[in-house]
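Residue numbers (my numbering), protein chains in the order written: chain A, 1 to 495; chain B, 1 to 318; chain C, 1 to 537; chain D, 1 to 222.
To be clear, the hints were calculated from the coordinates, so they are not data collected in a lab. Backbone N, C-alpha and C define an ideal beta-carbon position, used for all residues, glycine too. Incorrect hints may have been included.
With a straight-line Cα cutoff of 27 Å, these simulated DSSO-like cross-link-like pairs (lysine-lysine) come out [unchecked claim]:
hint : chain 1 : residue 1 : chain 2 : residue 2
1    : C       : Lys453    : A       : Lys445
2    : A       : Lys362    : C       : Lys15
3    : A       : Lys362    : D       : Lys83
4    : C       : Lys422    : C       : Lys453
Covered, in the sense of this in silico footprint (three residues per stretch, anywhere, with C-beta under 8 Å from a C-beta of chain D), are these stretches of chain A [as the list claims (entries may be wrong)]:
hint : segment
5    : 25-32
6    : 146-158
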Amino acid sequence: MEIHWPLLLLILTPFLIGLSGLLSRNRGTLDALQCGQAGILVVSVILVAEEVLTSGPLSGLFYLHTDALSVWFSLILGIVGATGTLYAVGYVGEQLDRGAISFKRFQRFFILFDSYLAMMLLAVNVDNLGIMWIAIEGSTLLAALLIGFERNKGALEAGWKFVILSSVGIALALFGTILVYYASENVMGVSEEALRWGVLHQVADQLNPEAMKLAFLFALLGYGTKAGIAPMHTWLPDAHGEAPTPVSAMLSANMLTMAIYAILRFKILTDQAIGPLYTGNLLVGFGLFSVAISAIFLLTQQDFKRLFAYSSIEHMGIALVGFGLGGVIGVFGGLWHLLNHALAKSAAFYGAGLVLLRHEHKIVDQVPGLLHGIPLAGVTFLIAGLALAGMPLFGLFISEVAIATDAFTRHPFIAYGFLLVLTLAFVTLLYQILRMVLGTPVEQKVLKLGQRCRSFATVAIAVNLGALTCIGLYVPPGLSDLLGTILALFGIPGK
Amino acid sequence: MNWEGWLLTFGQIVLVLGFSPFLVGLIKKVKAHLQCRQGASMFQPYADLTKLFRKEVVYSETASWIFTVTPYILFSSTLAASLLIPTIFTPLPLNFAGNIVALVYLLALGTFFLILAGMDAGSAFGGMGSSREALIASLTEPALLLSLFAVAMTSGSANLSTIVYKTALLQDIVLDPPPHLMALVALWMVTAAETGRVPVDNPATHLELTMIHEAMILEYSGRYLALVEWAAGMKLMIFLSLVANLFAPWGIATNVSPGALGMGLVVYLGKIMGLAVIIAFLESMLAKLRLFRVTEFLGVAFILSVLAVVFFYILRVE
Amino acid sequence: MSLLSYFLVVTEHEKADVRFAGMFYLIMAHLGTAFILITFLIFYQTAGSFSFEDFRMQGHALPEGMKSLVFWAALIGFGAKAGIVPLYVWLPYAHPAAPSHVSALMSGVMIKTAIYGLFRVYWDFLPANIHENLPWWFGFTILVVGTVSALLGVMYALMEHDLKSLLAFHSVENIGIILMGLGAGMLFHSYGMDSLAVLGVIASLYHTLNHATFKALLFMGAGSLLYATHTRNMEEYGGLLKLMPWTGLFFLIGAVSISGLPPTNGFVSEWLVFQSLFLSFKEPSIFVELMLPIAAALLAFTGALALACFAKAFAISFLAQPRSNHARHAREVPLTMRAGMGMLAIMCVVLGLTPMVVIPLLDDVTFPLLDTTIRWKVLELGGWALAPVSREFASLSTPLLFLLLSGLIGLALILCWVIGGKLRARSYITWGCGLKANSRMEYTATGFVQPIKRVFSSLYQPTVKLEANLLEESRYFAKQRKFDFYIEPIFLKYLYNPVVEFFSTLAERFRMIQSGSLSLYLGYIFLTLILLLLFVI
Amino acid sequence: MSNLQITIGSQLVNLCSVLLLLTCFGIIAQRRLLACVDLFAIQSMFLAVMAALVAYLTDIHHIYVAAVLTIVIKVIILPRILKQVVRRLDVKRELALYVNIPTGLLICGALVILAFFITQPIVHLGFLLTRDSLAIALAIILIGFFIMVSRVKAITQVIGFLVMENGLFLGATAAAYGMPLIVELGIFFDVLVAGLIVGIYANQIQDTFSSVDTSHLKNLKE
């Protein structure tokens with residue numbers, strides 16, 4: 001079993017950097033390390049993608065395994081993770097400068113943050129459902145600590161709710177995993193291999209339908225809780241609202257995406273066992289429900305971080321609908337949606353973080369005229385907001401249209417419902433965003449943003465929005481090939 | 001257009017210009033008689049016009065060039081409209097220049113500028129007159145158009161001359177009673193409104209608050225007033241000949257032989273003088289309506305014209 | 001596109017109302033987009049691709065029900081962008097909010113793209129081939145929508161005293177007229193009377209063109225007024241004709257042609273619409289036969305109201321004495337602005353005088369759609385007169401009318417000279433019942449439309465507030481009287497507000513879902529699990 | 001091994017799992033927190049015993065490891081931590097319940113039936129002697145969940161969660177003689193960390209809110 005350095009790097013870097021954070025005593029090296037990590041992440045993820053594209057799936061030592069689907073999600077996690085790291089350096093650094101936190105906790109933050117990233121990267125790059133579960137659970141626990149990082153009432157409450165709810169979810173997911181294992185038994189007997197996704201994928205069509213149904217149900221509920229699918233989404237707005245902003249960004253852009261990834265793995269197996277109808281209906285149902293719920297909550301939202309949180313719920317819902325429909329363009333739409341959403345949403349949170357640092361509150365109608373107040377944040381909100389609302393020229397529009405189209409070719413009424421809730425969500429989100437972006441700032445005391453913070457944030461935002469607009473306007477051939485292979489994985493002839 | 005055409009057009013201009021003041025005079029005279037007064041001579045309007053033309057013009061300081069050009073535009077648009085209407089001969093050489101819609105809108109052009117002029121001097125009365133005129137004009141136009149259209153449909157054409165020509169040739173269409181009757185009544189009511197006659201407006205009034213047309217031209221004097229008055233006279237003549245020739249085209253000349261033309265002239269003059277007398281009678285009998293009763297009056301006209309169309313379709317024999 | 005135009009609208013986003021307008025506009029536009037998307041999706045379903053070529057090939061394969069679905073979706077989708085009743089509501093907010101040149105652009109060009117969409121769908125995609133006939137009620141619905149839009153548009157325009165909102169409402173009116181032409185065309189087409197159908201279509205295309213010109217002209221005029229006086233409120237204008245003669249002249253031309261008065265372009269296209277409506281007696285169905293003339297009558301009504309409206313607009317803004325210091329100190333706008341308007345003004349007249357040039361061009365446009373040309377019969381007398389159907393039926397020659405008018409003006413001058421000799425004139429102050437007439441005695445815009453408002457109060461449902469505090473000595477004299485009235489568009493009142501209400505109350509209700517109780521949250525998951533176990537397995 | 005042994009063995013296994021179930025009902029019926037913790041410890045004990053039994057019967061050795069881990073973590077460490085927390089916060093008894101005890105018991109009965117009903121079609125799949133306890137495993141998971149829903153105090157919710165974990169472990173063992181060792185270890189590690197984190201949170205919450213009554217944690221809402 002040969003070693004693939006890029007893959008290994010991709011996963012180990014955050015771990016090691018995080019731990020080495022313990023040793024480095026002064027801040028400069030810490031920042032440097034983090035920047036290095038960001039760089040390495042991007043480079044290695046791209047290398048991995050290259051390798052997979054050229055020479056099929058990779059299997060490294062210790063259950064490491066990377067196929068097209070993993071690569072797709074690694075891309076999302078890697079790139080957004082990188083920008084997130086940069087932003088975190090700026091953001092938490094600012095708090096440090098303001099003396100809000102001690103250097104010790106500054107260190108601790110990065111240890112947690114990096115290993116959190118590592119866990120997520122691990123989760124999407126292992127072949128073993130059990131290990132995947134462990135990684136996800138690990139990321140949950142680390143996330144719990146990160147959410148509570150600021151130790152004020154809100155943070156603690158949010159963290160507590162998160163820990164309880166997502167542990168329950170994760171437990172259910174474990175039961176799902178056990179059931180798959182159970183089902184696999186009478187196909188291949190009791191064996192270590194029986195949890196390897198690749199192996200299961202080959203024998204999936206012989207697995208017992210009843211067991212797989214049950215398994216998928218538990219997996220969906222369990223990982224769905226982490227993916228913030230209504231009605232299991234209740235922890236999400238609190239967590240996103242109260243966590244330190246870089247963490248909120250990671251939660252929204254990476255963790256939810258990762259959870260969806262887990263669901264997809266189960267879906268593919270189940271579909272092979274019992275055909276796509278069952279999983280499809282469940283996914284579409286939950287998806288539509290999530291979009292509707294979030295749309296309604298967006299309307300009366302007073303807190304801009306929660307606002308983005310609800311919009312995340314909405315977008316996860318949209319992606320689910322896409323996957324649930326399961327046609328070529330549907331699945332394509334889902335994947336494409338996840339990528340674009342990750343980029344746009346993290347950017348939005350970066351902007352939100354700046355506003356929060358400056359105003360020290362999160363009330364929507366207290367921060368009008370951001371274009372004048374904090375041009376950087378204003379522009380970010382505007383672009384990211386329009387993208388998230390699904391305006392043309394952005395990838396999210398394309399994916400939404402794709403999903404709608406797929407829905408239409410199957411069941412027009414889903415399409416109508418979908419478009420309806422989508423329009424509702426669009427209106428509500430945009431209404432809120434524009435309330436903040438336009439207008440004239442109200443007089444109130446504001447804190448100044450540190451130079452380093454601003455520069456780091458600028459870089460992070462620039463990268464995200466740049467990538468977002470690029471892929472909105474032009475799809476690199478590499479990506480489209482990747483999509484092709486993934487579709488094949490879904491049992492759909494790639495286009 | 002051959003020399004006959006030119007001749008006829010010129011003849012029509014002369015006829016309209018020359019005869020319209022007489023109509024006004026005639027109506028005044030008859031009314032006077034009905035009120036047991038001697039009354040001025042029927043030719044008084046001619047004298048008035050010449051006098052006015054000679055008099056010095058006084059215009060308001062606040063007025064702009066709109067005030068000056070309006071009389072000319074009013075005059076010319078009314079006269080142009082009159083050239084679309086068959087009087088003693090049909091089809092007219094200028095027939096192709098426009099149909100009933102063109103007629104209505106030509107008159108509207110005049111009204112438009114008159115309204116502007118009314119506001120131009122900046123006196124309250126002018127504004128009042130303009131505002132009322134705007135209301136009435138907007139209410140009459142649909143009725144006018146539809147009543148004309150009701151007649152138009154019987155002859156399958158929207159060109160006035162053609163309508164009259166056909167009806168003149170085959171007498172019996174005219175006797176297609178219900179639609180035409182309603183159209184006739186509607187047109188008559190519209191006429192009253194458009195030419196500022198009782199019961200819609202009272203040309204003889206000099207109580208500002210009841211004036212409409214008179215209020216708009218309150219600021220005019222001298223030759224401008226003359227032009228406006230003359231235009232008003234022509235407008236009256238236009239509507240009367242519409243009534244006369246659309247509903248009773250008897251005796252109108254359909255070829256250019258001198259005999260036919262002479263005949264046509266005599267009959268035509270007879271018809272519209274008759275109508276003028278009727279107007280006089282009505283004016284002496286009726287009282288002017290309140291402004292907001294006028295809308296109901298015109299509403300009736302509109303309904304009648306609609307009914308005319310409806311009946312046309314229902315009773316059409318095929 | 002709606003996105004870009006949104007940013008054009010909110011250029012001056014510091015103003016709250018501008019933001020509201022922008023938001024409203026964006027929402028409606030997006031609603032439109034959604035419906036347009038549905039339209040295309042339906043086509044996609046059969047065509048299997050998004051290329052117009054395939055739509056054209058496959059569109060007719062749709063089942064009847066789907067076709068009517070497409071019809072409605074397209075009508076709502078493009079209608080929302082074009083601003084037909086009842087979807088026009090954003091329009092009077094967005095246009096005034098935008099800077100004038102933008103409003104000119106929006107109203108002149110953008111609305112037209114929506115019309116283009118309608119044409120594409122109804123004439124190009126839906127019919128299988130040129131001779132397939134769509135159900136008659138397609139055209140009829142369009143006709144009705146058009147008529148209502150035209151009427152309501154002008155009605156509300158009359159009550160507007162903000163010059164730009166007034167123009168915006170007139171956009172609604174004109175879209176209505178355009179749709180009337182289109183509707184008549186479709187109606188005839190559905191009965192297979194193509195040569196008549198062409199007439200309707202050409203009429204509506206012609207009016208589209210004209211509207212683009214005169215509406216842009218008027219918006220620029222409004223813009224120059226705004227530039228000169230820094231206010232959009234008509235009641236503060238007045239007497240500007242003397243201060244800004246050129247702007248005044250151009251605005252007058254625009255006003256004349258939007259009121260459809262000869263010999264300008266508005267007149268020609270409205271005339272054409274009238275003709276296509278008059279052709280009703282060739283319709284097989286008696287119901288339609290009845291409806292068309294009535295539509296024609298309503299069009300006449302619309303025209304007359306438009307006339308009243310622009311008489312008001314022009315008279316109040318340009319005539320009599322200035323009503324405010326803004327107006328008193330107004331100056332003529334710079335040459336560049338005048339040049340722009342002048343160009344358009346000339347366009348208006350030229351387009352009016354040369355239908356014989358324009359119509360063949362439009363005919364080339366419509367030819368591929370219906371493969372019938374009417375060029376050879378439209379133009380009579382070597383192209384000097386229009387005879388849409390037959391010379392027998394109706395004809396029009398704007399050049400001749402123009403010559404007549406100018407000639408007769410000449411005649412009038414001659415008469416004056418012959419009878420009256422040389423003009424002797426002197427100017428004097430207006431008679432103000434013994435007082436010195438000042439601008440406060442003038443009729444206001446509000447006063448001007450008061451009779452109409454009163455007559456149609458059932459439609460306007462105006463809210464009038466009149467308060468006076470009287471002198472102690474005698475209750476016949478008041479220290480001051482305060483009068484204000486406003487009109488809430490009927491659809492806003494009965495259609496939109498309820499919807500918004502519904503959603504906000506819904507949202508309020510739903511907030512209890514997120515009550516903050518952890519056990520409740522756990523309960524959701526638990527319940528979902530149990531239910532799924534019970535029913536899905 | 002003789003058939004007799006097998007049958008006896010599987011009956012013993014089933015017995016253990018039934019005992020597990022009973023302890024769940026005990027927890028439901030119990031108001032006193034410390035007693036709940038004890039019950040949980042006992043339950044874990046039974047779990048370990050069962051695991052050991054399975055290991056003995058099937059001599060798959062890594063299950064012994066699992067059994068040992070269970071004893072170490074779930075019988076010794078976690079109860080310690082919990083008891084500490086309980087003492088420190090001196091919340092002796094849980095007075096507030098969202099659902100009163102009889103109803104709770106009834107519901108749990110219903111849940112057990114549901115569990116059997118659900119697993120019934122797939123039970124025949126397993127050819128292992130422990131397969132019957134799959135239903136019980138599901139039942140325990142549901143009941144654990146129900147405890148979390150119905151109790152107010154943070155501690156009891158944690159206990160509920162741990163009960164779920166036990167159910168899972170039972171499931172794993174019942175269904176498949178336990179997961180592959182590596183997975184097993186990972187799971188245990190996670191459970192341990194989870195317990196620690198919950199402990200940390202409980203303390204911090206106590207510090208900031210001066211109570212662990214989660215019904216107080218209702219500031220974050222719409």
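Problem set entry | Numbers of the earlier hints that this structure fails to satisfy, in rising order | 1, 3, 4 and 5
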